[in-house]
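Given chain A, work out where chain B should sit, using these hints.
2 protein chains.
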Amino acid sequence: MMDDYVFYDCLTAPSPRRARIFIAEKGLAIPTVQVDLRHKEQLGEAYKAINPRCTVPALKLPDGRVLGDNASIARYLEEIRPDPPLMGRDPVEKAVVAEWNAIAESDGLLAMAEVIRNSLPGMKGRALTGPKDYDQIPELAERGRARIGNFFELLDRRLSEQAYLGGEAFSVADITAFVVIEFAGWVKLVPDENHSALRSWYEAVSLRPSAKV
Amino acid sequence: MMDDYVFYDCLTAPSPRRARIFIAEKGLAIPTVQVDLRHKEQLGEAYKAINPRCTVPALKLPDGRVLGDNASIARYLEEIRPDPPLMGRDPVEKAVVAEWNAIAESDGLLAMAEVIRNSLPGMKGRALTGPKDYDQIPELAERGRARIGNFFELLDRRLSEQAYLGGEAFSVADITAFVVIEFAGWVKLVPDENHSALRSWYEAVSLRPSAKV
Numbered sequence: 019m020m021d022d023y024v025f026y027d028c029l030t031a032p033s034p035r036r037a038r039i040f041i042a043e044k045g046l047a048i049p050t051v052q053v054d055l056r057h058k059e060q061l062g063e064a065y066k067a068i069n070p071r072c073t074v075p076a077l078k079l080p081d082g083r084v085l086g087d088n089a090s091i092a093r094y095l096e097e098i099r100p101d102p103p104l105m106g107r108d109p110v111e112k113a114v115v116a117e118w119n120a121i122a123e124s125d126g127l128l129a130m131a132e133v134i135r136n137s138l139p140g141m142k143g144r145a146l147t148g149p150k151d152y153d154q155i156p157e158l159a160e161r162g163r164a165r166i167g168n169f170f171e172l173l174d175r176r177l178s179e180q181a182y183l184g185g186e187a188f189s190v191a192d193i194t195a196f197v198v199i200e201f202a203g204w205v206k207l208v209p210d211e212n213h214s215a216l217r218s219w220y221e222a223v224s225l226r227p228s229a230k231v
Numbered sequence: 019m020m021d022d023y024v025f026y027d028c029l030t031a032p033s034p035r036r037a038r039i040f041i042a043e044k045g046l047a048i049p050t051v052q053v054d055l056r057h058k059e060q061l062g063e064a065y066k067a068i069n070p071r072c073t074v075p076a077l078k079l080p081d082g083r084v085l086g087d088n089a090s091i092a093r094y095l096e097e098i099r100p101d102p103p104l105m106g107r108d109p110v111e112k113a114v115v116a117e118w119n120a121i122a123e124s125d126g127l128l129a130m131a132e133v134i135r136n137s138l139p140g141m142k143g144r145a146l147t148g149p150k151d152y153d154q155i156p157e158l159a160e161r162g163r164a165r166i167g168n169f170f171e172l173l174d175r176r177l178s179e180q181a182y183l184g185g186e187a188f189s190v191a192d193i194t195a196f197v198v199i200e201f202a203g204w205v206k207l208v209p210d211e212n213h214s215a216l217r218s219w220y221e222a223v224s225l226r227p228s229a230k231v
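First to last, the sequence lines map onto chains A and B.
Numbering of the first sequence is given in my numbering, commencing with residue 19 and proceeding in unit increments.
Numbering of the second sequence is given in my numbering, commencing with residue 19 and proceeding in unit increments.
The reader is advised that the hints may include incorrect statements.
Same chains, same names: a pair is fine if it fits in one copy or spans any two.
What the hints assert, rightly or not - Think about it this way: if two alpha-carbon atoms lie no more than 25 Å apart in a straight line, the pair counts; the simulated SDA-like pairs of lysine to any residue are:
hint: 1; residue 1: K66; residue 2: Y182
hint: 2; residue 1: K78; residue 2: S214
hint: 3; residue 1: K142; residue 2: Q52
hint: 4; residue 1: K78; residue 2: E111
hint: 5; residue 1: K58; residue 2: Y23
hint: 6; residue 1: K78; residue 2: E179
hint: 7; residue 1: K78; residue 2: A181
hint: 8; residue 1: K230; residue 2: S33
hint: 9; residue 1: K150; residue 2: G167
hint: 10; residue 1: K58; residue 2: I98
hint: 11; residue 1: K230; residue 2: E157
hint: 12; residue 1: K142; residue 2: L128
hint: 13; residue 1: K142; residue 2: Q154
hint: 14; residue 1: K150; residue 2: I134
hint: 15; residue 1: K142; residue 2: R163
hint: 16; residue 1: K66; residue 2: K142
hint: 17; residue 1: K230; residue 2: V24
hint: 18; residue 1: K142; residue 2: S224
hint: 19; residue 1: K78; residue 2: I98
hint: 20; residue 1: K230; residue 2: W204
hint: 21; residue 1: K58; residue 2: I68
hint: 22; residue 1: K150; residue 2: R217
hint: 23; residue 1: K206; residue 2: L146
hint: 24; residue 1: K66; residue 2: E179
hint: 25; residue 1: K142; residue 2: D153
Simulated from the structure, these hints should not be mistaken for lab results.
Here chain A stands alone, though its shape is the one from the complex:
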């Protein structure tokens, strides 16, 4: 069904993993191109012509237009393939999923990126994604570590009351938070024994077939 689309991916990076899991949850198969972030392929002219923001994921539509981030890819796929719903099933659930996805991005993903991009030697000069170079700020890495700790606490409280972040159903918000936790492990930030609700949820999400992609 989606043979005339192209998904631009990178197997080692958190952002395209979010889209990959979303696509798998929808039961879709999309022709995929790997972009070699390690060798800065995303900054080259060829990829810049596809996505001028020089980031993955991106999704090329049959008419040649390109969706260039997780927000647009998820919204589009939810519209053209509503089942299973991953962004809520009624007005309130749609809102709550949007809110928890935003929380997972601002308090989780961004804090995790702050740690990784401002501390790893390989990220020197690449403290932010995109075409412009920015120096590392070591204090930001340190602040990011504190924020990830707070994020784990917040998730644990939420998940001791609800099966999933958006309520009773698995959603895009769970995908975002799951990918944050996976990649936070890179810099040795892991939920501990105080976060039992979070750990049970993480275990359950990691057993979904979509987590294997």
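Relative to chain A, chain B alone:
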């Protein structure tokens, strides 16, 4: 129609202004409570019981549930009051609006907040919103200034090709970018004579009745 809702607002802050403009564009009137951020009312127990993340905007629904950020409030209002559409009219436009709203948040709003919260003396210890205190990082203010310059360039390029950020129709992405530019003026970051498309768009948006709220 919305007399059994409560909108939690603050007239001097950028985030609730986004929601206020969205509500006005929808032609809605919602009973409103001002939260006094200057005196840290958002960190007090009374407000924390309403929104545990201690941020405005928030929207209390008739059943007592609370939506606690712009993402959820916009999504909910778009569902219950679809006209005029502010989040796109078909799958591709919905996706493009989501993408440009995300760009305006990450490259604009966040950079602007980095400048303001990491440089103004009144923001000492409050470098991030929410219940936890974080120290200012002066390098982050400096980086934010550079990012806002890049953001103005990006918007100007986009708006020399399209009437609005999401395409042909005014949308939530325009609201977010508009509020960023308004508040960036606080720290003397303003589009200059090289940004003529951006300046025309800004002028047009500021003349909409919703910008007066």
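Broken hints, by number:
2, 10, 11, 18
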